[in-house]
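These are the residues of each chain, in order.
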Amino acid sequence: MAETPVLEVEDLAKTFDVSRPWLQRVLAGEGRRTLRAVDGVSFDIPKGTTLSLVGESGCGKSTVARLVVGLYRPSRGRVLFEGVELERARAVAEQRRRMQMIFQDPYASLNPRWRVKDIVAEPIRAFGLVKGAAEQQEMVGRLLTQVGLSPADGEKFPHEFSGGQRQRISIARALSSNPDFLVCDEPTSALDVSVQAQILNLMKDLQQRLGLTYLFISHNLSVVRQVSDRIGVMYLGRLVELSPAETLFTAPRHPYTRALMEAIPDLDMTGRQRIPVGGEVPSPIDPPSGCPFHPRCPLANDRCKAERPALLPARGTPESLTACHAVEEGRDPPPRPAGMDQRMGTTATAL
Amino acid sequence: MAPLLEVRDLRVEFPTRRGTLTALDGVSFDIAPGEVLGMVGESGAGKSMTGAAIIGLLEPPGRIAGGEIRLNGKRIDNLPYEQMRRIRGREIGAIFQDPLTTLNPLYTVGRQLVETIQSNLGLDAAEARRRAVHWLEQVGIPAAAQRVDSYPHEFSGGMRQRVVIALALCAEPKLIVADEPTTALDVSIQAQVITLLKGLARDKGTSMMLVTHDMGVIAETADRVAVMYAGRIAEIGPVREVVKHPKHPYTRGLMASIPPLDRRVEKLAQIDGSMPRLSAIPPGCAFNPRCPEVFGRCRVERPVLLEAGGTRAACWLYDPASEKRAPEAMRHG
Ligand SMILES: Nc1ncnc2c1ncn2[C@@H]1O[C@H](COP(=O)(O)OP(=O)(O)OP(=O)(O)O)[C@@H](O)[C@H]1O
Ligand SMILES: Nc1ncnc2c1ncn2[C@@H]1O[C@H](COP(=O)(O)OP(=O)(O)OP(=O)(O)O)[C@@H](O)[C@H]1O
Ligand code: SF4
Ligand code: SF4
Ligand SMILES: [Mg+2]
Ligand SMILES: [Mg+2]
Chain S
1 MAETPVLEVE
11 DLAKTFDVSR
21 PWLQRVLAGE
31 GRRTLRAVDG
41 VSFDIPKGTT
51 LSLVGESGCG
61 KSTVARLVVG
71 LYRPSRGRVL
81 FEGVELERAR
91 AVAEQRRRMQ
101 MIFQDPYASL
111 NPRWRVKDIV
121 AEPIRAFGLV
131 KGAAEQQEMV
141 GRLLTQVGLS
151 PADGEKFPHE
161 FSGGQRQRIS
171 IARALSSNPD
181 FLVCDEPTSA
191 LDVSVQAQIL
201 NLMKDLQQRL
211 GLTYLFISHN
221 LSVVRQVSDR
231 IGVMYLGRLV
241 ELSPAETLFT
251 APRHPYTRAL
261 MEAIPDLDMT
271 GRQRIPVGGE
281 VPSPIDPPSG
291 CPFHPRCPLA
301 NDRCKAERPA
311 LLPARGTPES
321 LTACHAVEEG
331 RDPPPRPAGM
341 DQRMGTTATA
351 L
Chain X
1 MAPLLEVRDL
11 RVEFPTRRGT
21 LTALDGVSFD
31 IAPGEVLGMV
41 GESGAGKSMT
51 GAAIIGLLEP
61 PGRIAGGEIR
71 LNGKRIDNLP
81 YEQMRRIRGR
91 EIGAIFQDPL
101 TTLNPLYTVG
111 RQLVETIQSN
121 LGLDAAEARR
131 RAVHWLEQVG
141 IPAAAQRVDS
151 YPHEFSGGMR
161 QRVVIALALC
171 AEPKLIVADE
181 PTTALDVSIQ
191 AQVITLLKGL
201 ARDKGTSMML
211 VTHDMGVIAE
221 TADRVAVMYA
231 GRIAEIGPVR
241 EVVKHPKHPY
251 TRGLMASIPP
261 LDRRVEKLAQ
271 IDGSMPRLSA
281 IPPGCAFNPR
291 CPEVFGRCRV
301 ERPVLLEAGG
311 TRAACWLYDP
321 ASEKRAPEAM
331 RHG
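If you're matching them up, the sequences are chains S and X in order.
Quick note on numbering: the UniProt record's numbering labels position 163 of the first sequence as 163, and the sequence is numbered without any gaps.
Quick note on numbering: the UniProt record's numbering labels position 114 of the second sequence as 114, and the sequence is numbered without any gaps.
Just so you know, these hints were derived from the structure itself, not from any lab.
Hints may be right or wrong, so weigh each one.
Derived DMTMM-like pairs (lysine to aspartate or glutamate); straight-line CA-CA distance at most 20 angstroms [claimed, not checked]:
1. X:Lys267 - S:Glu328
2. S:Lys305 - S:Glu328
3. X:Lys74 - X:Asp30
4. S:Lys204 - X:Asp272
5. X:Lys267 - S:Glu246
6. S:Lys204 - S:Asp180
7. S:Lys156 - X:Glu13
8. S:Lys204 - X:Glu266
Computed from a predicted model, the values in this text were never measured in an experiment.
Next comes chain X alone, as it looks inside the complex (with noise of 0.2 angstroms):
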């Protein structure tokens, strides 16, 4: 099947007074109809921004300066303004990573649904009015019908994400840019809402690129991975290779990092050191400084992705041409 989205050497960068930083660097995925592909990866990796392009909504300066992005065949990189808006709420929804940025403080979280339910899908206010309780319902919201008329600030930092996932969802759009939609929720009301959104890629056919750091969330939910670092995709492939078998260094070190849940441990495990500043990054492969399997080629030649058994990997151990070959155990997992 045709993919939905498709996203090709996609490169944006940030003008600022101390030069031009990139922020995203030759990232290309697609995500077919009814697909949910998982987005993980370092803090600052560029995940956000990845979202923010696809929906045309990265903040300036930030441009996109390369690449191109395409749905249903068709590019959307480089739409006008108006257009664009057209697109973002029929076509793509967005649930941002912050819900203060979504939500109008001064109007009712109520006549904020209606108003996006009326201007999408051109219905009358009254039925608008019933659609919106029914999605803040589907979102896990008590006594939708009693706080439909409650501002933002009244609810908790959880139940303002479910408005926001609420606001995304009422336009019925074919792919759904989702950024940490289920970070501030706790575990029952994260089940439905996930149960919800496979629900809408299953039976709805929608797309779905799913940004979170909850490697228990993209276990159940996505069908494939990509992680990031540093603005380039570390490793793609599907999400039990990924989670399971990881062969990307970086990959099996985030692997390594998330708690256990059925003991405690004195230190938990983590990656030492950090992310390159984007004004920094090291010349080769990004993740060379703080990589234990560095070697000769890896500081000066930048990793593409390459076949790496299962999943994807920009890292050098898997070129047959490479002096250093992943070892034996980090090849299966």
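One chain only, chain S, in its complex shape (with noise of 0.2 angstroms):
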């Protein structure tokens, strides 16, 4: 019997009130306003594998973050951990404890009045992790060892650190209390190449043996294909594609994961053409009807326009689950890898 995933999410759902203050609003004839920055997203994450989630910035990627470990309350749908409701998952120290995230944003998630020493410190204290200070002063030590600070950094205050010091200070932090899930907000956007090579390295070897399990989120789609084992595309709060990270590289079959791959920058230097996706990015108060892609992408017609396409197995690789009329009627064109399909991002208009 399959082991239950360490993570489900089941038609996970989240809007915010966008609205202006009521006296604006109400000088311009305008109604509230809603936001749907999650809308019907479902996957799992087995134990002991990596799933990361890609897309345009703001579409919804830091929002399920958030939902997945509490910090928000889904609008609709629900998250299980280990196969119970994450509300009562987080009523318990411990399987709080197991459940860790690195935000994105790493200057507003630690405590500027703190030392570092206690701001890694704390998940330990809190949980009850060693016993005497000693013990507490080494283990901090050793975290911050792993990330590639020194335990002396640990008297100092975040202000002292950069950006990319800062951001592996609360890797440091995430790592404290043994988490068997961690969350990874964009974990190493601010870290030089090498110090995030040694990040990489690091958290491949916790899972390999300790099975940790991640959610990761990254805008750097190199590294994504180094840590993931599937990758979900979420386009405009839905997940547009789901697949097994080799396969989204090598066959990508959503229209929108073609020309995402197509903008990738050129470190080669070999001139290829990078092509960002064309049109306008849409606005998520006002999604486009039917696929939310449809006005940017060189396959829609009639019916993308008017209906929702359901995520599939994709025809030809079944591992793949698309959202995509065009897919499942097969009038896609033959899927090619990542940077040799320079005709998908071709509707561009936006530059």
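Dock the two chains into a complex; use the hints.
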């Protein structure tokens, strides 16, 4: 029998009220406005594996992250942690210890008045993980060393560190409670590639040795390729493709995924054209009808404008779940590896 | 052409209870009009500090303890606060690494843009608002006209970052100091922002110091690149040379750590060990404890920038007088 996944997310949705203040609204004669940050997302993450979320800025990745660790309450749908409703699981301290989050914004998540050693030790203390002060100090020192800082750095305050050093402090803090499930929202974006490699190697090592499970969020697709077992591509609050990592890079199926792959920077300076996804980025306050990608999609037709596509196994690569009528109908061009598919990004009008 | 920005022998110190830390030590470079200088290097190496020194916003107790900074030939490192503040808005635009420090959480993004535009360009409110929406569109904020009245916390991380970029650009400065401007952005918006920045450099002659960890962005945008390590410049040269044929052992390690896009590797290459703390920078070459090529002289004498075939590298392997020379393979990248 299959093991219960560490995380199961079912039809998760989150809306925000983004109405203007009452007076302004009345003067302008407009109603309340809601923004659907996440709109019906489902996935699960088996133990010891990594699921990554990628997608346009503002598509709802961090909102999903905050929902799955209980920082936001869902507007709809549910989250199960090892088969238990999240809210029930989080009522138990031991379960809270087991799930931690590395925030996208390390500045905002570190208390500026605390010394780094206290920041890192806080979960250790809260969950009573060590006995004496000496043991705690040793553990903090070890955690700081693991992320490329030194035990002596524990005496300093967050403002005495560079951006990447602060990000490493928040990683050390997240690791300090020995979590089993870690949500990493852009964990290495502030790090140089060499420290990034150290952190990613550390995360991989922890996964291999201790079976950690990760929900990983990054804009850096090379990093995503290195760490993921599966990758979910989000667009305007929805999952448009959910595929094994290798398949996503060798045979991306959803037109948005394909366009995204063409926009990756060209490090090799081959002169490859970098094609931004064409068209206007739509507003989540007023999302397009049917398939939310249709105003920008070269394959869009009338059905796409009317009917929201469901996430289904793709023709030819059934291991990829894809929400696209063209893929379902078999009228999409044959898939090609990332960076070799110049024709899919070419509705270019944005620039 | 005379450089727009000249940084000479810049030294920044932090007096602390445990003694004075030297965060930048002998940093020199120029930026020509319309040129983009990329700046990369170890996290904590002093990239943001260099930017902060240029725009006159070093966080106390940090202070410039030596060297000079010139904009258009005029010294700007010793100006009184008020005078520097005016230069900062009008002539130097800054994009900070941390969007939250730039944005005031209490004001809508529109109000912040309008105020910046009005105070720097002296436009009336209606025109300033029109421009505010224009700049939000330029940086790819969807439905800019609707969202101009949102507060920063109502935006995603990447959207806030784009507002910060719009704030830096809206006063049309000659020099932009951009610290990780595209890190929080997805690749598509990133491409759009990079195109925008490159367009400003090309069409308006705007110069830029671009700090980023993203080598792809560097490769696409920068004309030259400076690589920093432990408060010093380790290597500087044309972008193609530095990225494709790095000469300094640190730069070589750095470039080797870039995760590949076209395949998955078991373990990423990394440079073992970590950068020394500012209070414990080793004598000689700061990279010597981690350097695979280290030899006698490296532990005693601090290397200066030397001609290294295409770039300049602060490494004794490129001194004809050294007992050890760069292996053939390294010299030709
Ligand atoms: N507290 C909030 N109030 C109102 N709107 C919000 C709030 N938090 C997020 N949003 C909106 O929800 C959408 C999704 O935001 P989210 O932070 O999840 O995006 P993201 O995918 O993480 O983007 P990025 O890659 O830029 O970090 C955005 O349009 C954002 O403006
Ligand atoms: N207020 C301070 N007091 C003491 N040291 C500081 C202070 N601010 C920064 N530093 C130190 O100065 C050094 C340079 O920091 P800087 O922010 O310039 O690094 P950076 O190269 O921008 O790194 P990153 O890539 O991580 O942003 C770091 O080692 C940091 O620890
Ligand atoms: S459903 Fe239609 S509009 Fe949407 S991605 Fe597929 S082809 Fe394009
Ligand atoms: S000077 Fe010596 S230690 Fe420093 S980088 Fe060159 S070879 Fe390595
Ligand atoms: Mg986010
Ligand atoms: Mg920095």
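Okay, which hints does this one fail, numbers in order?
Structure breaks hint 1 only.
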